[in-house]
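Number of protein chains: 2
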Amino acid sequence: MEGELKQVIIIRSDIDMGKGKTVAQGAHASLMSYLETVKSNKGIAASWLESGEKKIVLKIENGEKMQRLAEAFKYKGIPCALVSDAGLTQLPRGTFTALGIGPWKGEDIDLLTGALKLL
Amino acid sequence: MEGELKQVIIIRSDIDMGKGKTVAQGAHASLMSYLETVKSNKGIAASWLESGEKKIVLKIENGEKMQRLAEAFKYKGIPCALVSDAGLTQLPRGTFTALGIGPWKGEDIDLLTGALKLL
Numbered sequence: 001m002e003g004e005l006k007q008v009i010i011i012r013s014d015i016d017m018g019k020g021k022t023v024a025q026g027a028h029a030s031l032m033s034y035l036e037t038v039k040s041n042k043g044i045a046a047s048w049l050e051s052g053e054k055k056i057v058l059k060i061e062n063g064e065k066m067q068r069l070a071e072a073f074k075y076k077g078i079p080c081a082l083v084s085d086a087g088l089t090q091l092p093r094g095t096f097t098a099l100g101i102g103p104w105k106g107e108d109i110d111l112l113t114g115a116l117k118l119l
Numbered sequence: 001m002e003g004e005l006k007q008v009i010i011i012r013s014d015i016d017m018g019k020g021k022t023v024a025q026g027a028h029a030s031l032m033s034y035l036e037t038v039k040s041n042k043g044i045a046a047s048w049l050e051s052g053e054k055k056i057v058l059k060i061e062n063g064e065k066m067q068r069l070a071e072a073f074k075y076k077g078i079p080c081a082l083v084s085d086a087g088l089t090q091l092p093r094g095t096f097t098a099l100g101i102g103p104w105k106g107e108d109i110d111l112l113t114g115a116l117k118l119l
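Line by line, the protein sequences are chains F and G.
Under our numbering, the first residue of the first sequence carries the number 1, and numbering increases by one thereafter.
Under our numbering, the first residue of the second sequence carries the number 1, and numbering increases by one thereafter.
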């Protein structure tokens, strides 16, 4: 039993992104992180797609915390993707906006994201 | 010259989805539609990833219009993915929530979405 698979999308709550931009950055994090999972474990990626692609959207207080969280996931070997803005519209170039994690085993993700609230 | 590639994500504006749910449904539409493009034209999918994954987020008035638009894209052979809610939380089961289109040639998408506004 490998437990429930899920993808977690984390959005920064301290920067002012419109709704459309938030959706675009979240979708970017989701797709990039999915492609990372395909690279590291094709079986998990396929099982997650077949089981209905559970996605959970959380928020985090600032970019430094987001970056540290991404490093913690990389250290544990869990696929993730940190998105920074291209700076063409609303934000300074390079601003971290969203972090995608997995799809991966939910219990492994929860160990690091348990303290975060739903967006 | 194949012109600029982009993906369009369309969100319904007449149903009450929280911000997190909107991000999740938009990410779902984005990933499903990307996988459709991979099936029908791997070259376009790869070029779009390499060129920075341009994504535009639009809104549409209701589910019937969203469904008709999805049918129009299918008729034209443009990859797309219509997302309906699993009905576990905020919405009745089967409610259309989001439509992903492409990545595909921007000018071909614009012919059908030109009248829609940014979310």
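It is worth saying that the hints were derived from the structure and are not from the lab.
It cannot be assumed that every hint is accurate.
Since the list gives no way to pick one copy over another, a pair counts as held whenever it fits inside one copy or between any two copies.
As the list claims (entries may be wrong) - Within a straight-line C-alpha distance of at most 20 Å, the following computed SDA-like cross-link-like pairs (lysine to any residue) qualify:
#  : residue 1 : residue 2
1  : K6        : E61
2  : K21       : G114
3  : K19       : A72
4  : K42       : L116
5  : K74       : K105
6  : K54       : Q67
7  : K39       : L116
8  : K19       : N62
9  : K76       : G94
10 : K19       : K59
11 : K19       : E50
How the hints compare with the structure:
{"no.": "1", "hint": "K6 / E61", "result": "neither (22 Å within a copy, 31 Å between copies)"}
{"no.": "2", "hint": "K21 / G114", "result": "between (26 Å within a copy, 19 Å between copies)"}
{"no.": "3", "hint": "K19 / A72", "result": "neither (28 Å within a copy, 26 Å between copies)"}
{"no.": "4", "hint": "K42 / L116", "result": "neither (28 Å within a copy, 37 Å between copies)"}
{"no.": "5", "hint": "K74 / K105", "result": "within (15 Å within a copy, 35 Å between copies)"}
{"no.": "6", "hint": "K54 / Q67", "result": "neither (23 Å within a copy, 23 Å between copies)"}
{"no.": "7", "hint": "K39 / L116", "result": "neither (27 Å within a copy, 36 Å between copies)"}
{"no.": "8", "hint": "K19 / N62", "result": "both (18 Å within a copy, 18 Å between copies)"}
{"no.": "9", "hint": "K76 / G94", "result": "neither (25 Å within a copy, 37 Å between copies)"}
{"no.": "10", "hint": "K19 / K59", "result": "both (14 Å within a copy, 11 Å between copies)"}
{"no.": "11", "hint": "K19 / E50", "result": "neither (29 Å within a copy, 25 Å between copies)"}
The structure does not agree with the numbered hints 1, 3, 4, 6, 7, 9 and 11 stated previously, though it agrees with the rest.
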